[in-house]
Structures are given as C-alpha cells and as structure tokens.
Amino acid sequence: MLVINLCRAVLVYIVIKLVSCDFLSLSSQCRNVYKEWIIVVNIKKMAVKNKEKSVSKSKVSKKVVVVLLILAALLITASVAIITSNNSAKVIAENNKDNNANVNVIPAVESAKVSLIINPNPNTPK
Amino acid sequence: MKLENESDGVSNLTFVLVLAFFVIALIAFVFSLIYFEILAKPTGYAAYSGYVNLTINTLISLNVTNNTVNWGAGMVDQGATNATLITHGGKIGTVSDGNWSGTNALGLFIENVGNINCSVALQSGKNATGFLGGTAPEYQWNISNAHAGACGAWGELTSKDKFANVNFTAAATVCNKLTFLSGKRGIYIDFRLVVPIDVNATIASSTVQADTITINGNSAV
Chain A
1 MLVINLCRAV
11 LVYIVIKLVS
21 CDFLSLSSQC
31 RNVYKEWIIV
41 VNIKKMAVKN
51 KEKSVSKSKV
61 SKKVVVVLLI
71 LAALLITASV
81 AIITSNNSAK
91 VIAENNKDNN
101 ANVNVIPAVE
111 SAKVSLIINP
121 NPNTPK
Chain B
127 MKLENESDGV
137 SNLTFVLVLA
147 FFVIALIAFV
157 FSLIYFEILA
167 KPTGYAAYSG
177 YVNLTINTLI
187 SLNVTNNTVN
197 WGAGMVDQGA
207 TNATLITHGG
217 KIGTVSDGNW
227 SGTNALGLFI
237 ENVGNINCSV
247 ALQSGKNATG
257 FLGGTAPEYQ
267 WNISNAHAGA
277 CGAWGELTSK
287 DKFANVNFTA
297 AATVCNKLTF
307 LSGKRGIYID
317 FRLVVPIDVN
327 ATIASSTVQA
337 DTITINGNSA
347 V
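So the protein lines, in turn, are chains A and B. Under my numbering, the first sequence has 125 at position 125, and the numbering climbs by one with no breaks. Add 126 to a position in the second sequence, counting from 1, and you land on the number used in my numbering.
Pulled out of the complex, with its shape left as it was, chain A reads as follows (with noise of 0.2 angstroms):
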C-alpha cells in the first residue's frame, strides 16, 4: 500500500510538472516527451498556416481582373470604333467615286475661226 501511494504520488507530480512547464524540475525522459510533443504541435501549426497560405496564392487579385476587364472594354469599344469610321469612310468614298467622275472632269472648251473676204472680179460679167 505504501509503495501504491508512493507511485501514485509521483504520477501526480509529474503530470503536475508538466503542465506547469516546468523542465527543470523533470527527469530527461520526461523533458523529451515534452519536446515532441511541442515539435508535433508546431509542425501541426504551420501545416495549418501553408495550407491556408496555399489557398489564398490560388486566388488571383481583384485589381488584376478589373484592370483586365477595363482593357478589354477598351479593345472592344476601339475595334467598333474603327470598323464604324471604316463602314462610313467607305460609303463617303463610293459616293464621291461617282461625284468625281463627273465634276472632276472639267470639259475644254475651244474656238477657231475660218474667215475671207470674197470680193468680185471686175471682169465677170454679171
């Protein structure tokens, strides 16, 4: 019986000792029990802290798409802008095509002159 409440004793101070942290006061076997124990948290910690790292890489930034979007609202509103002005060129092209043909071509016009003076041979007889 003294031996059992000897070691239960112990028990409770060593559990005692290990959740105040205290190494000094603990056998080398116990600190190393300790140690892993920290070492697993810790790595359990930062598994944690690059799994949620990884998750917000993954994510793209919301500046980048916005700018994205703004370009390509521009590209578009540039491309309707120069098949407009195009179409309309073109037809102003055609109608002048005609119009030049006609109006462009300035007629010469010019004027010569045949002339005598007949007069009658004094011996014809009339």
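Please note that the accuracy of each hint is not assured.
What the hints assert, rightly or not - Straight line, CA to CA, 27 angstroms or less: simulated BS3-like cross-link-like pairs of lysine-lysine:
(1) LYS303(B) <-> LYS113(A)
(2) LYS63(A) <-> LYS45(A)
(3) LYS113(A) <-> LYS286(B)
(4) LYS288(B) <-> LYS113(A)
Hints were generated in silico from the structure; no laboratory data involved. Bear in mind the structure is a predicted one, so any value in this text is a computation, not a measurement.
For chain A, the structure is supplied; the task is to place chain B on it using the hints.
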C-alpha cells in the same frame, strides 16, 4: 462570416473567364486593324470619326495653236465657175482658180495639253450656204493626226483623212481618245472651201465672211 483570404481575390474560374474575354477583345481589335488597313495606310491618322480625303483633279485642256484660218481677200478667176481653197496642215494653203493667199491659211492644230486622254468634238457655226452662198458652195473639213498615233480611237470616220461637209447642226465627235503624251497629242483640222463665181449675188463684196468652229474636249470615250 467571411474569411480574410476570401476578400483578397477571385476564384480561378472567374479569372479564366475574364482572361478569355480579354483575349477575344484583343483578337477583335487586331483583326479590325488588319482588315481596315489602319496600320498600313501611308498618310493621315484619322481618329475614329474622321477620314482622309484626297482628290486629284483630272484636267482636260485643249490648245489650239493655230486658231485662225485667214485667207485674206481674193476673187474667183475670170472664166472659172468657182475657186477652191484648201489648207494643208502646217503648210501654207493652196488656191486654185482664185487669188487668195494661203500664207495665213494653215490647218487648225489642236493639242491635248491636259493630264488625261480626251475626246474631241467639232461643230461649225455655219454650213456652206450660210458661210459662202452662191451656187453649189462647199465648206468641208478633214481631221488627221499631226503626230503619229495621236488619236487612239477615231469617232466619226466620214472626215478622217478626207474632206467631208462640216457638222453644222450638232457637234460631231471626231476623235474618241486623243492622247496627252507630249509629242503624240496633236491633230490637224484642214478646210476646203469652194467659192462659187456668183457668190457676190448673195453676200456683200469686200466684207469679211467668217465662221467660228467650236472645239469641245471631254472625257475619252
């Protein structure tokens, strides 16, 4: 409650969709540039609503170097029924059965001095009766190349290289395509007049009898 990481970005799927939209817009933009030759145009950058208007005027211009055929004063020889006066291009005119002078009676020399080929139409102001009067007068012209190949396409052939009555009622296109190249752009218009002996019965003597020839240059036919 949102996690902190969720508020910092968008999902990969959204990003892929936006990227695809951007690529499509880029392709459309590049296509419009190439199709409408925006980058290949040599001059003038038109911003959206403008355009470059370049007009090169074509010019038809005829130069009548010798624009007067003047026979001066003369009469029909005694005993002849009429006198015949003929011009010969750049040479002096000849007269038979009359005493007019051909010194100032050269054929009309017409040159296309414009920058395109043109057609030439002629019309006289009078016919033989109106011009000369008398019995059986004649008033004719003859169109010929002064420069070889000047007229690339002849129009009315009745007066090509031979005398035919002048066109009085309407203009006649004698040449459909008179070239404008230097040294190859001139034609002659020669005249033949037959003056009857009895012409003074219808016109006053010693008065100038004149007719005006109208020469029209227009687009080549």
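Checked hints:
1. LYS303(B) <-> LYS113(A): Status holds; Cα separation ~24 angstroms.
2. LYS63(A) <-> LYS45(A): Between LYS63(A) and LYS45(A) the Cα gap is close to 31 angstroms, so the pair fails against 27 angstroms, i.e. violated.
3. LYS113(A) <-> LYS286(B): holds (20 angstroms)
4. LYS288(B) <-> LYS113(A): holds (20 angstroms)
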